[in-house]
Each structure stands twice: as C-alpha cells, then as structure tokens.
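> Sequence:
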Amino acid sequence: MVFLHGSYDPHPAGRRLTPQPDRAEAWEGLEFVRVLERYRPAWGIPHAEAVFLCEDPDHLDPCGAPLDHVVEVSPEGAFTRHDQNWISRICCLLDDHTPDHPEIARAAEAYWAGHPHPDGPVWEIRCRSALVTRARPDLSLNDLEMNF
Numbered sequence: 002m003v004f005l006h007g008s009y010d011p012h013p014a015g016r017r018l019t020p021q022p023d024r025a026e027a028w029e030g031l032e033f034v035r036v037l038e039r040y041r042p043a044w045g046i047p048h049a050e051a052v053f054l055c056e057d058p059d060h061l062d063p064c065g066a067p068l069d070h071v072v073e074v075s076p077e078g079a080f081t082r083h084d085q086n087w088i089s090r091i092c093c094l095l096d097d098h099t100p101d102h103p104e105i106a107r108a109a110e111a112y113w114a115g116h117p118h119p120d121g122p123v124w125e126i127r128c129r130s131a132l133v134t135r136a137r138p139d140l141s142l143n144d145l146e147m148n149f
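All letters in the sequence shown, in the order written, are residues 2 to 149 by the numbering used here.
No lab work stands behind these hints: they were computed from the structure. Hints may be right or wrong, so weigh each one.
[To be verified] Quick list of simulated restraints, FRET-style, between CB atoms: (1) G65 - T19: 16 to 24 Å; (2) R17 - R107: 32 to 40 Å; (3) P117 - D139: 22 to 30 Å; (4) P13 - R39: 35 to 43 Å; (5) L95 - G115: 17 to 25 Å; (6) T134 - P100: 35 to 43 Å; (7) D120 - R16: 34 to 42 Å.
The beta-carbon is built from N, C-alpha and C at its ideal position, and this holds for glycine as well.
Whenever a hint applies, use it, and build me the whole structure from the sequences.
And the structure:
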C-alpha cells in the first residue's frame, strides 16, 4: 500500500513528518473542523495532532493537501481512514443548520467510523507521524512546472 503526503515544502527521504501546529491553527478556525472535533471519538486523532495522507494521488487536492511537493511516506503507528466527502456534506449542512443538528452529527459520526459516502469515497488518512520514503516529482506541481 502506498501512502502520499502533499506539502508546501520539499522533504528528503528519511525525514519524519509530524503535525505542524502553525498550520493546524489556521484550520482550527473552520467550522467543519470544530464539528469534527466535537464529534470525535476518544480513539480519534485530533486534527491538530494529525499528519494527513492519501492513498490515491487524485485524492490529494480534494483533501486539501498542497501539491507543491508530494512524497511517499510510511505511517508510524496506527492510522485511521476517513471519507472526505462527509466533510463536504457537513459543510453543505452548516449552510442551513447549527452544528448540533442531528444530520450533521450523523455525517460526522460516519466520517469517524470510516464509512464511504454514498457519492463515492475520497479517502484521507490520519496518523500521528510518518516517515518519508521517497519524493514523487511526477505528482508535484513545483517539479512538473520546472519541466515546461
């Protein structure tokens, strides 16, 4: 199984990726992140303590990963898999409902349970750290732009 991580910065093979508090702080102000944290089970990795990965390169952008530099990684320890489409559903529901609405709670619970969304999954992986195994210039925007 191949895991990918997108970053604004290049990462050499062997680098250990850990959560970035300064970048996580920007996400914490978003309502959908607060909703996910509100309904996060005790075993769930908090947003601010997670390194985010994808298995499918086509899922990096929809999951919010920067595409400047893409690397293959190996998650260290346990990881969890969640369908990003539940977040899209939560965002749509927040337009018309408060965060405590039962339908929002159900969508957040489906996200944490790892259920695929009926419209098809866009998987994101949460782990606490990951080891870079190699760069993927074929998937990185900065490296692709240099070839034109």
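> Each hint should be assessed against the structure and marked as holding or not.
Hint check:
no.	hint	result
1	G65 - T19: 16 to 24 Å	holds, 18 Å
2	R17 - R107: 32 to 40 Å	holds, 36 Å
3	P117 - D139: 22 to 30 Å	holds, 27 Å
4	P13 - R39: 35 to 43 Å	holds, 37 Å
5	L95 - G115: 17 to 25 Å	holds, 22 Å
6	T134 - P100: 35 to 43 Å	holds, 38 Å
7	D120 - R16: 34 to 42 Å	holds, 35 Å
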